[in-house]
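*Asks:* Listed below, chain by chain, are the residues.
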Amino acid sequence: MSDAQIPAKGQPEIALAPGQIPGAQEPETRTSQFMRDLLGGNAMISVLAVILALVAGAVLIAVTDEDVHASLGYFFSRPADFFVAIWESVSGAYVSLFQGSIYNFRRPTFADGIRPLTETLTFATPLIAAGLGVAVAFRAGLFNIGGRGQMLVAAGAAGYVGFAWELPFGIHLIVAVIAGMLAGALWGGIAGLLKARTGAHEVIVTIMLNYVGFYLISFLLRTPGALQAPGSSNPKSPAILPTAVFPELFGPKYNLHLGFVFAILATIFVWYLINRSNLGFQFKAVGENPNAARVAGMNVKNVYLVAMLISGALIGLAGTAQVLGTVTTGFTQGIDAGIGFDAITVALLGRSRPIGVFVAGVLFGALKAGGYSMQAAQGIPIDIVLVVQSLIVLFIAAPPLVRAIFRLPVPGHTGVARAAALTGKKAVVTK
Amino acid sequence: MSNATASTTASFSAPIALETAVVRNWKPPIALGIFAVLGLVLFVFAGREGTTTFRLSTDSDLIQLPAIPAAVAGVTITISVVLFLIAAASTALAVRAIRTPLWLIAVYAVLFLVGFLTWAAAGETIPIPGLLVGTVGLSAPLIFGALGGVLSERVGVVNVAIEGQLLAGAFTSAVVASITQQPIAGIFAAIIAGVLVSFVLAAFSIKYLVDQVIVGVVLNVLVTGLTSFLFSKLLSPNAELLNSPPRFPRLPIPLLSEIPILGPVLFRQTIIIYIMYIAVAAVWYALFKTKWGLRLRSVGEHPQAADTVGINVNRTRFWNVSLAGAIAGLGGAFFTLGSVGAFNKEMTAGAGFIALAAVIFGRWDPIKATLAALLFGFASNLQSVLSIIGSPVPSEFMLMLPYVVTIFAVAGLVGVSKGPAASGKPYVKG
Chain A
1 MSDAQIPAKG
11 QPEIALAPGQ
21 IPGAQEPETR
31 TSQFMRDLLG
41 GNAMISVLAV
51 ILALVAGAVL
61 IAVTDEDVHA
71 SLGYFFSRPA
81 DFFVAIWESV
91 SGAYVSLFQG
101 SIYNFRRPTF
111 ADGIRPLTET
121 LTFATPLIAA
131 GLGVAVAFRA
141 GLFNIGGRGQ
151 MLVAAGAAGY
161 VGFAWELPFG
171 IHLIVAVIAG
181 MLAGALWGGI
191 AGLLKARTGA
201 HEVIVTIMLN
211 YVGFYLISFL
221 LRTPGALQAP
231 GSSNPKSPAI
241 LPTAVFPELF
251 GPKYNLHLGF
261 VFAILATIFV
271 WYLINRSNLG
281 FQFKAVGENP
291 NAARVAGMNV
301 KNVYLVAMLI
311 SGALIGLAGT
321 AQVLGTVTTG
331 FTQGIDAGIG
341 FDAITVALLG
351 RSRPIGVFVA
361 GVLFGALKAG
371 GYSMQAAQGI
381 PIDIVLVVQS
391 LIVLFIAAPP
401 LVRAIFRLPV
411 PGHTGVARAA
421 ALTGKKAVVT
431 K
Chain B
1001 MSNATASTTA
1011 SFSAPIALET
1021 AVVRNWKPPI
1031 ALGIFAVLGL
1041 VLFVFAGREG
1051 TTTFRLSTDS
1061 DLIQLPAIPA
1071 AVAGVTITIS
1081 VVLFLIAAAS
1091 TALAVRAIRT
1101 PLWLIAVYAV
1111 LFLVGFLTWA
1121 AAGETIPIPG
1131 LLVGTVGLSA
1141 PLIFGALGGV
1151 LSERVGVVNV
1161 AIEGQLLAGA
1171 FTSAVVASIT
1181 QQPIAGIFAA
1191 IIAGVLVSFV
1201 LAAFSIKYLV
1211 DQVIVGVVLN
1221 VLVTGLTSFL
1231 FSKLLSPNAE
1241 LLNSPPRFPR
1251 LPIPLLSEIP
1261 ILGPVLFRQT
1271 IIIYIMYIAV
1281 AAVWYALFKT
1291 KWGLRLRSVG
1301 EHPQAADTVG
1311 INVNRTRFWN
1321 VSLAGAIAGL
1331 GGAFFTLGSV
1341 GAFNKEMTAG
1351 AGFIALAAVI
1361 FGRWDPIKAT
1371 LAALLFGFAS
1381 NLQSVLSIIG
1391 SPVPSEFMLM
1401 LPYVVTIFAV
1411 AGLVGVSKGP
1421 AASGKPYVKG
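Chains as they are written, first to last, in this note's numbering: chain A, 1 to 431; chain B, 1001 to 1430.
If you're looking for bench data, these hints aren't it; they were derived computationally from the structure. Beta carbons are placed, not taken as given, at the ideal position from N, Cα and C, and that holds for glycine. One or more hints might be untrue.
To be verified - Where chain B lies over chain A, by a calculated footprint (3+ residues, C-beta under 8 Å):
(1) 150-164
(2) 191-201
(3) 343-351
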């Protein structure tokens, strides 16, 4: 692939037709305009991106399926077998993905059938909280890769309060949640403070704090009197006291716990913070251009610190939800379950917007829940979920690619906006 | 901490009054002071008895150096005093607004290290060559990754996908080397895999103008998912055929390998390590001494200007990002062909992110980034050596140490690190 033709190829999509003035599209009927926007618009791109990613996943499943390999051996004598094998492997996988994440038709009652959906939301809870945390940092122009460390430290703090302190019902839970969020905020705040005070790059500091947090929690988990369960030699904490456990929202039949409500509250909070508050405006200003924000009289250093504190607290909420809601029988140093890194993709998919992050978190939760049932039922490794997730983000990030694959029209207004955005970008580079 | 105090001195006798701004940097004295106090706590308040022996030669060496015994109490307390003196000297320099010279910091670091080793291994023997050989081994993928990162960022494309390039290289080199039973074939496969990951990075960031950090992060996830999926589905059931690559043998270089200490460390290594030496030198030379390097850097610093003088910005970016992927992919081969001998799920274990830290720590300079990578490698090897001889510090804290040191170094000594100006910004020809 030669890059010489790349800009040339990209041009027709961006540039307007010759003689066409931006906004002067009256000759076009409203209906066709609407169809163009619908077909080429963001919602459509998102749906198509998910479909493309699932197709790529299907290819991967089919290529590695043993029955498909076997039928390929006698392809020319009975080609139908080959396609049947592909169909069975792929449809089997995706049916179990659906049944594991949304609704299981094999169960007799609705109450049983809907259980997978609550599993999806349970998996989505920490993803949403942590995704919001990463998104807040993104908005202030900070890249928080420290989700793992922040979650672990938060899990340690919330877990300690949860099993070691004896407090009345209700208060205990709240104190544990606050402890977890504070610990997360502390861990994120270190990076923010160092960035603000010394200019230390937050990417380095958060990566380093991941390891520091991991080894700290590992040490505490094997130290009697700290996080280790009494009388045990395993690096594992005791079970959380019942007064601190997140109650199940729909009774003991479902795993969905109070943490999901916290995730919803966090989404509303972040929405307010980003879209309505003075602080959120400062975040966005600093994120777009710290120099301009400084000239406008904003305290950029303060913004860095506060953004990392809030980011860490939200990711801390994710760690708290893990220990108080999902794994209440005692946790190990693997409690973060890679959510700290998944959160980055969630935030990217949600384009760092609160509602978007919420939807992305639910989608990834569904893929995770369904992935486990796919692994159990069809023997397809859960790692395929990572492939599908990353492809979704890649495709959504590159609308021209999706449009090119499906030969979709470029929405009229978006084209103008895009061209304008590109000139804007060039202006930045020019400077 | 970084208070820049500006004082004006006006001289009345001279006809022209010059304003001089005095900038005092308090970060080095503070950082040095913290470690001096840490040393004091360890060496004096938690002081240990006995003698530590530093072994300088391996048994197979031609020239045998005698082992050096060190009395723990005497050595550590002396070093502790010297550390405080250096911190005081740094403070005195800061008062006079003179920068603490780098050699002083280096001396400080070495002294601290010697003191710490003496203290931690009281009554035991520390094999210095073993410590350093392991360091080179653990640093190798970090160095390759950091070189890839430096190249890519210097040309203006942020490379967060180092982890993905390493992992892709490790996976393909294991598979190809197993099938062909030729480690060299594995190396080429790793290079191609790294380039493929880079193609995606380049295509999405240059053609589709997607945020480069996003593409990088997503690529890491994609490669992790793909390799783990294929590992579970194909490699582990057919480990004999697909996941038993031959490892490179160690190739001692005649004469050079007999130099005391340095010989076993640097010149009794596998071919990948020798390629690494060449790669570091070549990247440095090419970047700063050739026309190609000048063009590359100009594209990364000011693409508009580069375009004006007739450099094709996007083409330069595309091919250099691919080259960066090739180097990082080669580093991935070290995991399977150089050290472990078989692919495993997520076997890079965050090495790509450490390499990224080395790039920033080394201020986008190939030599400094290599040194930073060596530091990381040394620290993690130090931990494993000390855990074998039994150290009084819990192993988790030893494992934590390199990362804590990095945080201090980045915050206290490096400060604001500025990357290439146009790194991360797409270029659209207007």
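*Asks:* Are the hints correct? Go through all of them and say.
*Replies:* Here is what the structure says about each hint:
no.	hint	in the structure
1	150-164	violated (count 0)
2	191-201	holds (count 6)
3	343-351	holds (count 3)
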